[in-house]
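Number of protein chains: 2
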Amino acid sequence: MADGPTINTIAERAGVSIASVSRVLNGLPTRQETVRKVMAAADELGYVRNAVARSLKSRRTHQVAFAMADVGNPAYLAMLRQIQPVLKDAGYRLVLHSTDAVVADEIDVLHSLGERYVDGLIMVPLRVTEAHLEMLDAARAPVVIIGQVPEGTRVDNVRADSRTGVKLAIDHLHALGRRRIGMINGPLDTVPGAARGAAYREALGGVGLPYDEDLVQIGDFYRAEGGRAVAELLDRVPDVDALMCANDLIALGALDVLRAAGRRVPEDVAVVGMDDTDLAAASWPSLSSVSLGSAERGRAAAELMLERLQGGDGEPRLVTVAPRLVVRASTAGAPVADFPAESRTDRKESAE
Amino acid sequence: MADGPTINTIAERAGVSIASVSRVLNGLPTRQETVRKVMAAADELGYVRNAVARSLKSRRTHQVAFAMADVGNPAYLAMLRQIQPVLKDAGYRLVLHSTDAVVADEIDVLHSLGERYVDGLIMVPLRVTEAHLEMLDAARAPVVIIGQVPEGTRVDNVRADSRTGVKLAIDHLHALGRRRIGMINGPLDTVPGAARGAAYREALGGVGLPYDEDLVQIGDFYRAEGGRAVAELLDRVPDVDALMCANDLIALGALDVLRAAGRRVPEDVAVVGMDDTDLAAASWPSLSSVSLGSAERGRAAAELMLERLQGGDGEPRLVTVAPRLVVRASTAGAPVADFPAESRTDRKESAE
Chain P
1 MADGPTINTI
11 AERAGVSIAS
21 VSRVLNGLPT
31 RQETVRKVMA
41 AADELGYVRN
51 AVARSLKSRR
61 THQVAFAMAD
71 VGNPAYLAML
81 RQIQPVLKDA
91 GYRLVLHSTD
101 AVVADEIDVL
111 HSLGERYVDG
121 LIMVPLRVTE
131 AHLEMLDAAR
141 APVVIIGQVP
151 EGTRVDNVRA
161 DSRTGVKLAI
171 DHLHALGRRR
181 IGMINGPLDT
191 VPGAARGAAY
201 REALGGVGLP
211 YDEDLVQIGD
221 FYRAEGGRAV
231 AELLDRVPDV
241 DALMCANDLI
251 ALGALDVLRA
261 AGRRVPEDVA
271 VVGMDDTDLA
281 AASWPSLSSV
291 SLGSAERGRA
301 AAELMLERLQ
311 GGDGEPRLVT
321 VAPRLVVRAS
331 TAGAPVADFP
341 AESRTDRKES
351 AE
Chain D
1 MADGPTINTI
11 AERAGVSIAS
21 VSRVLNGLPT
31 RQETVRKVMA
41 AADELGYVRN
51 AVARSLKSRR
61 THQVAFAMAD
71 VGNPAYLAML
81 RQIQPVLKDA
91 GYRLVLHSTD
101 AVVADEIDVL
111 HSLGERYVDG
121 LIMVPLRVTE
131 AHLEMLDAAR
141 APVVIIGQVP
151 EGTRVDNVRA
161 DSRTGVKLAI
171 DHLHALGRRR
181 IGMINGPLDT
191 VPGAARGAAY
201 REALGGVGLP
211 YDEDLVQIGD
221 FYRAEGGRAV
231 AELLDRVPDV
241 DALMCANDLI
251 ALGALDVLRA
261 AGRRVPEDVA
271 VVGMDDTDLA
281 AASWPSLSSV
291 SLGSAERGRA
301 AAELMLERLQ
311 GGDGEPRLVT
321 VAPRLVVRAS
331 TAGAPVADFP
341 AESRTDRKES
351 AE
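Protein chains in written order, with UniProt numbering: chain P, 1 to 352; chain D, 1 to 352.
One chain only, chain P, in its complex shape (with noise of 0.2 Å):
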């Protein structure tokens, strides 16, 4: 390239001054006629700028990868709407990967780290097992993990805090009168699951109210198998007069069985979601949900991963987002807003 066309020459050719070329060929906006005349100049000294070539003399891609299992999960969409601004703002590209839930695909975007294609990765693993650990410890480039990690793993980390969201939920239930209520989780042999029936446990001991087994109901995260689930609990305990879900889709399930049955909501039965998706302020009677700030660890991660790529050396960091809880019309029996304020669900649809 030493020899071939330059800025300069391209100026010369263009019969534009340097700063012109600079700021066409970085793309930032420039007239018309100007971008028309570089572009030819540069076209027939046969100059092709190539991030390629640069990259490879910088040891920078100027990229940063995003893996998570599934780009249709609100709350991983919630994160992916954070975290590509602010990478943007300094100057990266985004390489996203969905890894369909599946381990070995997560080992693979780690490993494939050592390639080099991006700066560094913000990743939220299902769980993290061994495999994970091995290739943490050999990555060769910063490395934000979003979820929970094993005690003493020396990564930047960002975590929610479900057990005190959980807590809040019932506080709040319990405060409206309730005593029988009821718990409809999701497999507990998944990370969510686990944390959220345990906490669901504590939370009741915390009210002063006893655990009982018949209450909880385990079916999955999802809408038809959370209202069977819901079904279920009704036949056995018909006296429940509360509902904490373990996810938002598992609520929605819970409105239309409730519906189905005649029990009025939130009067016979009051109903909380978790994650606080858009679908809860969609629903109707809208849904008093538990955001475990899913926007707001997106933000944190993407804010520590700037930090290590700007050269930031110090000890991993743990930052663990606070949950609040979205008291809607399920709990409430609030009326539903004829015109809500600016929210998450107000958003241009315009895709012709």
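No wet-lab data here; the hints were simulated from the structure. Take these hints with a grain of salt, some might be off.
Since the list gives no way to pick out one identical chain from another, each pair is judged satisfied if it fits inside one copy or across any two copies.
The calculated lysine to any residue pairs, modelled on SDA-like cross-linking and capped at a C-alpha distance of 25 Å, are [said to hold, decoys possible]:
| hint | residue 1 | residue 2 |
| --- | --- | --- |
| 1 | Lys37 | Glu130 |
| 2 | Lys37 | Ala141 |
| 3 | Lys37 | Thr153 |
| 4 | Lys88 | Gly311 |
| 5 | Lys37 | Pro238 |
| 6 | Lys88 | Arg159 |
| 7 | Lys37 | Val128 |
| 8 | Lys37 | Arg140 |
| 9 | Lys88 | Val71 |
| 10 | Lys88 | Asp119 |
| 11 | Lys88 | Ala141 |
| 12 | Lys37 | Asp108 |
| 13 | Lys37 | Glu134 |
| 14 | Lys37 | Leu133 |
| 15 | Lys37 | Ala104 |
| 16 | Lys37 | Val155 |
Based on these hints, arrange chain D on the given structure of chain P.
Quick look at chain D alone, frame taken from chain P:
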């Protein structure tokens, strides 16, 4: 690299087969013990697989970019969820660009194709300007555009058919006996606003209903603005018996306002949305909505891209995805399903 460590010297040092080394270095599933041995040997020998160096040689980055206005928009997300696995299966990574609906950002993405950081680009421009067309001409890599492009533009193109979509909805409402069918639209200076407004007028003519300006209210493509527009329309035309809404968020706003006004849906006023987002199934009553096939458009775009990447050099192709009307409770008066079948809202949420 010629005298540096090779797959053979690593295999020798690690005491494993060459095939095992290859598997590990390519990130394929391998026994942990083997991974450990190979990584240790590779480290000792100072071996670094360098994707940048390899891609410089092959002139391939194995990356494809997807550029759209906002990844939070459910229509774009539905596209992304199809594009990602198609590319992944073919060995391509996905680079995500969110342009925030800024035309200069879209041009920038097109321009940066010259940098060769991706092998191709799938783009959803808000509207195609002169500057887009110039950059498309200059593009040094294959481009697929999802959306409308001017007649004669030489680019692979995937389109929706909102005109037929609106017609499906109006035909349905007319068949239900509705004769005062209002239209709640977004701004007419947007591509979807203009197209959907014209289609409404044409579809009315198709069923022999007169076009009545009083029945049309322009708001914006958001829930609160949609609700406000509906309130104005109800004031002006109290006998309206159906609402064609230009997207699902407007339709959710319509449900809010109709409920507050004591109008039953669908008995008094039937409501149809557009885009068939997850919110349509989650709302109550659940929302009939016109699907413009976002998922199908994403898949078609990814497949056109792969054809080009695999050397296809035929004429530019146009794929038009047919719309379909998804009938739910807001027009049909159908009972709400107790146990919905596997559906698009039926997703796992388990980010702890």
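To see whether the hints hold, each was checked on the structure:
1. Lys37 / Glu130: between (57 Å within a copy, 15 Å between copies)
2. Lys37 / Ala141: between (41 Å within a copy, 21 Å between copies)
3. Lys37 / Thr153: For Lys37 and Thr153, only the inter-copy Cα distance (22 Å) is at most 25 Å; the intra-copy one is 55 Å.
4. Lys88 / Gly311: Within. Shortest intra-copy distance 18 Å satisfies the 25 Å Cα cut-off; inter-copy 32 Å does not.
5. Lys37 / Pro238: neither (77 Å within a copy, 59 Å between copies)
6. Lys88 / Arg159: within (23 Å within a copy, 28 Å between copies)
7. Lys37 / Val128: between (54 Å within a copy, 21 Å between copies)
8. Lys37 / Arg140: between (43 Å within a copy, 17 Å between copies)
9. Lys88 / Val71: Both. Shortest intra-copy (19 Å) and inter-copy (13 Å) distances satisfy the 25 Å Cα cut-off.
10. Lys88 / Asp119: both (14 Å within a copy, 20 Å between copies)
11. Lys88 / Ala141: Close inside one copy (19 Å) and across copies (22 Å); limit 25 Å.
12. Lys37 / Asp108: between (45 Å within a copy, 17 Å between copies)
13. Lys37 / Glu134: This pair counts as between: shortest inter-copy Cα distance 12 Å, intra-copy 53 Å.
14. Lys37 / Leu133: between (53 Å within a copy, 16 Å between copies)
15. Lys37 / Ala104: between (50 Å within a copy, 18 Å between copies)
16. Lys37 / Val155: Between. Shortest inter-copy distance 23 Å satisfies the 25 Å Cα cut-off; intra-copy 49 Å does not.
Checked against the numbered hints above, the structure breaks only hint 5 and satisfies the rest.
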